[in-house]
Amino acid sequence: MKRSLLQLVLTMANLTRDDVLKLAQLARLDLSDAEIEEYIKELSDILHYVEKLDQMDVTGLKPTNQVSDLTNVTRFDEVKSYGYEPLDLLKNVPEVEDNQIKVKRMIG
Amino acid sequence: MRSVWLPIKDIASKVQAGELKAADLVEQSLKLIEEKSEYKAIVATTETEARKRAKQIDEAIARGDDAGRLAGVPFIAKDNFLVFGADTTAASNILKGFSAPYQATAINRLEAEGAICVAKANLDAFAHGTSTENSDFFTTLNPQDKTRVPGGSSGGSAASVVLELAPFALGTDTGGSIRQPASFSGCIGYKPSYGLVSRSGVVAMASSTDVIGPLASTVDDAALVLDVMAGPDELDSTTIARQDDYTELNQSLKGKKIGVIKEYMGEGLSLEVKHVIESSIDKLKQAGAEISEVSIPSTDMALAVYYILCPAEVSSNLARYDGQRYAYTAKDAKNLDQSYLLSRGQGFGKEAKRRIMIGTYVLSSGYYDAYYRKAQTVRTKLINEFEAALKDVDFLIGPVAPTTAFKIGANVDNPLQMYLCDIMTVTSNMVGNPSISIPAGKAEGGLPVGLQIMAARRQDKELLAVAKASEEAFA
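Order-wise, the sequence lines are chains A and B.
When the letters of the first sequence are read in order and numbered with our numbering, they come out as residues 1 to 108.
When the letters of the second sequence are read in order and numbered with our numbering, they come out as residues 1001 to 1475.
In case anyone wonders, no lab produced these hints; they're calculated from the structure.
There could be a bad hint or two in this list.
Claimed, not checked - Each computed EDC-like pair below joins lysine to aspartate or glutamate, with the alpha-carbon atoms no more than 16 Å apart: (1) A:Lys41 x A:Asp57; (2) A:Lys52 x B:Glu1164; (3) A:Lys52 x B:Asp1300.
As the list claims (entries may be wrong) - Computed beta-carbon distance windows for the label pairs: (4) A:Leu87 x B:Asn1384: 44 to 52 Å; (5) A:Ser81 x B:Leu1271: 38 to 46 Å; (6) B:Glu1049 x A:Phe76: 38 to 46 Å; (7) A:Thr71 x B:Ser1295: 30 to 38 Å; (8) B:Glu1272 x A:Tyr82: 49 to 57 Å; (9) B:Phe1138 x A:Ser81: 54 to 62 Å; (10) A:Arg17 x B:Asp1245: 52 to 60 Å; (11) A:Thr71 x B:Tyr1368: 19 to 27 Å; (12) B:Lys1331 x A:Ala34: 19 to 27 Å; (13) A:Arg17 x B:Phe1138: 27 to 35 Å.
Please read these numbers as outputs of a predicted model, since none were measured by experiment.
Cβ atoms here follow ideal geometry from the backbone N, Cα and C, with glycine treated the same way.
Hey, can you work out the whole structure from these sequences and the hints?
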C-alpha cells in the first residue's frame, strides 16, 4: 500500500544526534554533550506522541491561527508618550552608547 | 475555608470608611509571607513599593478621596508580570536581575482601583510546566501536603491564595496553568475568554492561547478582580470587548443545562478524582441543574495539538532572548553568533530549551505542514466539536486534572508524563473559551479536587454566575 507523504515525514521523528545538533544550531542554543544525549530521546518521545494527529481526518477544514475573532486591528501611526525616558527603557541593556544598544560586530 | 481575609469587596469598603488601614493590611500580608516562607510560594516581595502605595492610599482616604473598588487590598502577582519594586524573572535564570521598565496593564488597572502588589509568586520558568518543579529557583510546596507539588505553572499564586498570604493572586493560563494549580492546591482559578484581559507587560509564552486571570478564595472575589482588569487595551491589539458587569452574579442552577464531557470521565481518570467529581455532579443535580452527557470526540488529540502549537509559539517568543538587549549575556563570546549561542545555551533552563527545540523542529521547512499546519487544522476540529456540544447544553463540566497533586519529583524524569497533566485543560485554551476550576471536595488523604466548568466564548459572566451557584451547592 502506498504510504502518504505525511507518514513518510513522520517516521523520521526518531531523531539522531545530527538532527539534534542541527536543531540546536537553528535555535542558537549551545548544548552540552549530556544535554544532546538527553534530548535525542526526549524529543523523539514527544514527537512520537504528537504523531497521533496523523490519524485525524481533517478534510475540508481550515487551520485556526487565532481565536480572538478580530481582524485588522489598526491604530493611527503617531508617536505617543507614555512618560518614560529612553534611559528608563534601556536600563536592562548590557551595553549602551549614546542611547543606543551596542552589539558585537556583525560584518567582517 | 477562609480565616485571615474578609471578602475583597468588604476589605475595600472598610479601608474606604477608615475602619481598616491599607498600611496595616500590607504589613499583615508581608508578615504572613514571612511566616509561611517554608512553602516557597514567593520569589520576592515588593515591600518598599507596597508600603509607599499603602501610605498614599491611606492619605488619599484621609483627604476624603475615593480610593477605588480595591482600596488597600494586597495581592500577589505571578513573577511573569512586569511590576515595579522587584525584579521580573519569570522564575528563570536568564531574566535574573531584570527590572521592569514599565508595568503590565493588568497591574496598572488593579492599582488604579487601589489594590497593592506585595509580592511576586513562583512559577515553572517561563510558565513551562505543571508543578513549579521547572522553576530555575526552587519548587513551591503544596499548602495541603508539603511532600507534594502545588500544581503549575501558577503554583506559587495558588499556594499564596490557599495559605492566605494575600486575598488574591494573578496567574497566567496557556494550557491550564491557572486551573490546574487551583485544583491541586484548593482555590478558585479563573481562565477568562481569550483576549478579555490585556497581556501587555506579561512575559509571553504561547501567544495564541495565553490569558491572564485571578486565583482567589471565592467566585465573588475572582469576579471582582476580573471586572477591574477586563476590557480593551490599546497596548494589546488582541483584546476583545467586555460584558457590562462581572460582579452581578445572582443566578440559580435551576433549569441550567450542564453537559458532562464523557471523554474526561473515562480512561486515565483516577478513581478518587472520579468519585469527588461524581458526587459534585449529584449536588448540582440536587440544586436543580439538568445534567446530561456530551461528547468531544477529539479530546484525546487536544494535547498533541497543544504540544505542537505551544512549543512552536514558545520558540518564536523566546527568540527575543538574544543576549543583546536585556537578560543574561555570556561574557566570553568572541563574535555575535557565539554570543547568541552561549547566552541562550547558558541562560535558558532545560524545559525552555526542550520546548525551543521542539518548536524549531515543527516549524522547520519540510515539517511545517505535517506538524504545525496539521495541528492548527485539528484545532479547528476541536473548536467545532466544542461549539457543537454547546448547542445542546449551556455549560460543560468535567475534572480539571486526571489526578490530585502528585509527589514532588514523581514526574521530573519524564517530560511527556508531565505534559499529560494538561490533558483536560488544554482544550479551552485551543478554543479560547472561559473556564474555571472550583473546589469540589477532597479525595482520600485530604487532597483537594477541582471541578472544571466551561462556557462558550465571551460568556464569562454567565460562567461566573453558574460557578457561584455551584460554589453554594458545594458549601
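Using the Cβ atoms, figure out if Glu1049 (chain B) sits within 38 to 46 Å of Phe76 (chain A). Since Glu1049 (chain B) and Phe76 (chain A) have Cβ atoms about 34 Å apart, the given range 38 to 46 Å is violated.
Confirm or reject the claim that Leu87 (chain A) and Asn1384 (chain B) have a C-beta distance inside 44 to 52 Å. Holds, at about 51 Å.
16 Å Cα cutoff - pair Lys52 (chain A), Glu1164 (chain B): Violated, at roughly 43 Å.
Satisfaction of hint between Asp57 (chain A) and Lys41 (chain A), Cα-Cα up to 16 Å: This hinted pair is violated, its Cα atoms lying about 29 Å apart.
Can the suggested window of 49 to 57 Å be confirmed for the beta-carbon pair Glu1272 (chain B) and Tyr82 (chain A)? holds (51 Å)
Is 19 to 27 Å respected by the C-beta to C-beta distance linking Thr71 (chain A) and Tyr1368 (chain B)? holds (23 Å)
Range first: 54 to 62 Å. Now tell me if the beta carbons of Phe1138 (chain B) and Ser81 (chain A) are that far apart. About 40 Å separates the Cβ atoms of Phe1138 (chain B) and Ser81 (chain A), which means 54 to 62 Å is violated.
Could you check the hint for me, namely that Ser81 (chain A) and Leu1271 (chain B) are 38 to 46 Å apart, CB to CB? violated (60 Å)
Is the gap between the beta carbons of Thr71 (chain A) and Ser1295 (chain B) within 30 to 38 Å? Roughly 32 Å apart at Cβ, these two residues keep to the hinted range, so it holds.
Assess, step by step, whether the Cα of Lys52 (chain A) is no farther than 16 Å from the Cα of Asp1300 (chain B), and give holds or violated. holds (9 Å)
Distance restraint hint 52 to 60 Å, applied to the beta-carbon atoms of Arg17 (chain A) and Asp1245 (chain B): For Asp1245 (chain B) against Arg17 (chain A), whose Cβ atoms are near 59 Å apart, the range 52 to 60 Å holds.
Cβ-Cβ distance between Arg17 (chain A) and Phe1138 (chain B): within 27 to 35 Å? holds (33 Å)
Hint violations for this structure: numbers 1, 2, 5, 6, 9, all remaining hints satisfied.
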